[in-house]
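So the protein lines, in turn, are chains A and S.
To convert, take the position in the first sequence, counting from 1, and add 906; that gives the numbering used here.
To convert, take the position in the second sequence, counting from 1, and add 231; that gives the numbering used here.
Since the hints were derived computationally from the structure, they do not count as laboratory data.
Positions of the beta carbon are idealized from the N, C-alpha and C atoms, including for glycine.
Hints are supplied without guarantee of correctness; some may be wrong.
As the list claims (entries may be wrong) - Ranges of calculated distance between the beta carbons of each label pair, as one might list FRET restraints:
{"hint": "1", "chain 1": "A", "residue 1": "964", "chain 2": "S", "residue 2": "338", "range": "34 to 40 Å"}
{"hint": "2", "chain 1": "A", "residue 1": "955", "chain 2": "S", "residue 2": "259", "range": "40 to 46 Å"}
{"hint": "3", "chain 1": "S", "residue 1": "393", "chain 2": "A", "residue 2": "954", "range": "41 to 47 Å"}
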Amino acid sequence: MADHHATAEHHDAHAHAHDGEHHFGWKKYVVVGVILALITGVEVAIFYVPALAGVLVPVLLTLSAVKFFIVVLFFMHLKFDDAVFSRVFYGPLFLALLVVMGMIALFKILPKYGVFS
Amino acid sequence: MTTAAAHAPAQHHAHPPTATGQNTWKVGFWVFMGSETLFFGTLISTYMVYKNMSVAGPYPADVFDIPLTSISTFVLLMSSLAVVLALEFLKAGKRTLALFWTMAIIVLGATFLGFQAYEFTHFYHEGLKLQTNLFGSTFFVLTGFHGAHVTVGVIWLLFVWIDIFRGKIGPGQSLRLEIAGLYWHFVDIVWIAIFTLVYLMGN
Chain A
907 MADHHATAEH HDAHAHAHDG EHHFGWKKYV VVGVILALIT GVEVAIFYVP ALAGVLVPVL
967 LTLSAVKFFI VVLFFMHLKF DDAVFSRVFY GPLFLALLVV MGMIALFKIL PKYGVFS
Chain S
232 MTTAAAHAPA QHHAHPPTAT GQNTWKVGFW VFMGSETLFF GTLISTYMVY KNMSVAGPYP
292 ADVFDIPLTS ISTFVLLMSS LAVVLALEFL KAGKRTLALF WTMAIIVLGA TFLGFQAYEF
352 THFYHEGLKL QTNLFGSTFF VLTGFHGAHV TVGVIWLLFV WIDIFRGKIG PGQSLRLEIA
412 GLYWHFVDIV WIAIFTLVYL MGN
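Between the sequences and the hints, there should be enough to build the whole structure, so can you do that?
The structure is reproduced here in structure tokens:
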């Protein structure tokens, strides 16, 4: 029992030491927060610009993906943490994207070409 | 024995506490978030497939209030910033600042839920209900499940705040706030996807 606690304590100390190697600091977190707020502002602004209607979808998807990965990499620390966390998250994320694209292809794109008729 | 083990790095590498060398709670929680990604992936794809198939209104363009939803999106994004600040100050042993920023997450999360409650009530008065059309069904299921996740997060963080206040969570137990924070960031990234795919591209 004592060994178990000792190992856990040491592991915790090791984890903190590991965090320290990639210390980001609250000021940098605030900068990341401001960047996220600015991207959201840009998203909403271009939504109201008629001239950008033709490129609205790809631009919004790109900005959304940028925001998504900024939060995942910096706020959720995947950029600094062990690779095992990235593997268990990016794997299902990739599958989820396949599900979304597969469903859209099956119900929206392929029927237009008469695949199921 | 305890002291010797705690100061022996070689022993740590010889006998890692887990197969991955990482905390099992944290690894398990990332696996859980992976499964949640698939859960929301199916809900989002169902919404995308059915969004233009309603035979009767109201349609997205009739009910969406983009400026209002932009404000609630901003509120949720800033709550994610509050999470990292709370964790940073907790690890640094700055208890008062950790308490302040943890309470900020709770307040911002509750504000987001207030916006959602207002939006749902407004849609209901506009004639959009769960059973009205395909848009109503898929929209309320998707955003309702997200709102339920936010509610769980607010309650969870309230318990974490109480434990920080009572001194049960300090710099040595920061993993408890870190895992609650990971959950909070997850509901934030799901909302980032929903805001773009459902609201901004919904028209």
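Structure-based check of each hint:
1. A:964 to S:338: 34 to 40 Å: The hinted range 34 to 40 Å holds for residue 964 (chain A) and residue 338 (chain S), with Cβ atoms some 36 Å apart.
2. A:955 to S:259: 40 to 46 Å: Holds, since residue 955 (chain A) and residue 259 (chain S) (Cβ atoms, about 45 Å apart) stay within the stated range.
3. S:393 to A:954: 41 to 47 Å: holds (43 Å)
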